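Each chain, written out:
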Amino acid sequence: MARINVNGKTVEVDADGSTPLLWVLREHLELTGAKYGCGVALCGACTVHVNGEAQRSCVFPLDAITETDRIVTIEGLSEDGSHPLQKAWVDLDVPQCGYCQTGMIMAAAALLERNPQPSDADIDAEITNICRCGTYRRVRAGIHQAANEKA
Amino acid sequence: MTMTIDVTRRGFMIGSATAGLALGFQVPFLTGRAHAQAGYPEEINAWVVVRPDEQVIIRIARSEMGQGSLTGLAQLVAEELECDWANVTTEYPTPATNLERGRVWQSYSTGGSRGIRESHEYVRMGGATAREMLILAAAREWGVPPGQCRASKGVITHAASGRSTTFGKVAEAASRLEVPTGVQLKDPKDWSIVGQSVKRLDTAEKVTGKQVYGADLKLPGMLNAAIRQCPVFGGTLRSFDEAAVASMPGVKKIVRVDDNAVAVVADHWWQAKTALDALPIVWDEGEHAKVSSASIAAFIEEGLTAKQAFVGNSNGDAEAALAKAERTVEAVYSYPYQNHATMEPMNATAVWTEDRCEVWCPTQNGEAALAAAAEAAGLPLQQCDVHKLHLGGGFGRRGAFHDYVRQAVGIAREFPGTPVKLLWSREEDMTHGMYHPITQAKLTAGLDANGDVTAFRVRIAGQSILAGVMPQRLSNGADMVAFQCYLPQGEHSIGYSFPNLLVDHAMRNPHVPPGFWRGVNANQNTIYTECFMDELAHAAGKDPLEFRLKLMGNHPKNAAVLRAVAERAGWGKPAADGIFRGLAHCTAFGSHTAACAEVSVTNGQVKIHRIVAATDCGYVVNPQQVEAQVEGSFVYGLSAMLYGECTVADGRIEQQNFDSYQVMLIAEMPEVETIIMPSGGFWGGVGEPTIAVAAPAVLNAIFAATGKRIRDLPLTKHDLGAA
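Sequence order for the protein chains is A and B.
Note that the first sequence covers residues 1 to 151 in the UniProt record's numbering.
Note that the second sequence covers residues 1 to 723 in the UniProt record's numbering.
For reference, chain A alone in the conformation it holds in the complex:
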């Protein structure tokens, strides 16, 4: 039984240690906001925060997590969808199908924590999540809008 801290709560998980965090979240903790897109850390749909850093949870095994690691998923990013990025996303109607957007927001949130006023070049370098609907232009606008609100 592994003990991990997710969204501020310590929970016990009965899963094989090799199970990726993504599947622990989705199948054991019923937190399905992190999505399965590729399984090999290429697309970013599974992005969560581990100790404040964006992590692609599909390749992050349960074994590698200790009880003191703080895991935050989209469900824990804000109580009520009020994170500046979430508000900007709603204001700009960023999502299309939306499947990649939770990972996109988590990647952007980690970026803003580290770099509160990212330039376009910073966004280009840091946001490598795949969106097949092609929301990139609004994603960029949403990050800037959230950065300005936080400032």
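Since the hints were made in silico from the structure, they are not lab data.
With the Cβ distance kept under 7 Å, some of the chain A side facing chain B (calculated, not the full set): (1) Val40; (2) Gly81; (3) Cys97; (4) Asp124; (5) Arg132.
Dumping the calculated EDC-like pairs for lysine to aspartate or glutamate here, alpha-carbon to alpha-carbon at most 20 Å: (6) Lys607(B) / Asp124(A); (7) Lys607(B) / Asp120(A); (8) Lys218(B) / Asp14(A); (9) Lys542(B) / Asp448(B); (10) Lys252(B) / Asp14(A); (11) Lys199(B) / Asp91(A); (12) Lys210(B) / Asp80(A).
These figures come from a predicted structure and were not determined experimentally.
We treat Cβ as the ideally placed atom computed from N, Cα and C, and that holds for glycine.
With the hints as your guide, set chain B onto chain A.
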């Protein structure tokens, strides 16, 4: 969507009169089925439910996969209903209910950019008749003629007496009235909700993780399945060594699926996938195991000069005019296989008993999913139903094909009464798609001494989608869909008038399954035409814009969008240092579109800086969502142009994941300026038409920058540094 999932506190039952509800999906509509004998008292009519608290629920038959038509269709209903937009929510009536009610919602098909343009009239009528019923109910209560009452923002008023009431207060009385006939729809000039950039109705849950996609679904007691299909198309499953994995954690059963696949069913999907990866499987790879991209290319290339071909468009005598031409220009283009690569891999959840089957899945066509489910269940349609979930991408993959539904039901039959969710891995999804068809084209044109085109000849060789997917739609053997953007008239008509024209198609169908892929054949056909037109303009020493416009006198709407992008982009004026421009236009899915791309090429690296796009889609329901579709379609089309190719070796697709099937990222996203110029009088599509102009506009700009003409894709095949 009002659908909520509350499975933990509800028992799992099946086979009862309200089986759909018993699974925990609170689909309010299903309560209507229980009252089938007494009509549908909870609704005004099939399209509109008004609650006492003024909430307005608009029923949407078409699927939401990101394209925004859930919101657009609701706008159309709400426009006529005269409700308060702030009170609007939506729900999907299930396909079985549609059948039970005589297809009151008509088609569920969500493809071909038809969601709105095919249904706008009857969905607006749904709103209009509901409005009339609400007004009549109020008028009767007041004892006044309904013609003296009017509705606005959910409030009904009788000016003469100063009385007013709300939709919510008269809804119950209205629901008992006959649905009127002969109701007039509004004049488009009077629209106040349609044509507005209202916010999408489905955003909030998509930014909090609450939106439940098919891949996220969890039902009580649900098992999870991972599947592997024979890597070679047409091959079959010979055997597998069940004992090797049967005792692995969580594994319940190894199931043979159809004749070509095996699934591992386990408590959790990760356990199922882990066991599947360890399962020794023996395939009979069948007759196509030696097919390669090279053998496919040779097979198709033979069609470029074959005698037999289906004619798609012809006027004058192109061959004779070519023979007499001052000079001729010829070029051969090609377009590869591509995967839809929806972000959400294929999946479906099914529960089956001897007398009922229910499926939850992302689908672009709920009725087709129902048919697939019923067939796989071995049950009549009436004993099955499909619960649609928003799609994590569709792009054509989830419309005509429900292989994943058939498989899920097949697996669920092994566990009567227990729900089973089937989720494909990304690798399964990449290697078992329904691929953008592969074609080549030889284009030949005759020019006279003035550089004017005397003949235009296109021979397409390659794969037919219809032959692979719905052969019943072939016309005496011909696939008319193959001629998109080359047809003499209609929603895919050619945007030029040539004095002599011949377009024909030598059908060559390799074993790789083809599918409708966002933009369909407009993608490559527009590249062929618009890049070749650029070649001709340069051969004739003419400006590519003027050269095109000279042939567009009979195509004023095409000319208008082309002129619009040229003007906005500054065509004819110097671009910034190192920036080069290219143009393209077409008519596709009923809309007229054009693009002007601006690119630079530095050390062989292409950067797409800006694309100005224009679309004349007749009427616009939601301008900001049209813009979103233009931008999104460019990402899809340019990803294909830059990177998209599925290659074949040993009969199977080689690309397994996004490392070998690369797509555009945010760093590559150009500025997109969208000019929406609806000319009215027709309804054109939005989701697909603009995809077709992105790639040729960029390719023509690359030629302007480098002098290098790209005739086969993707761009990764070419070294532009050598230009």
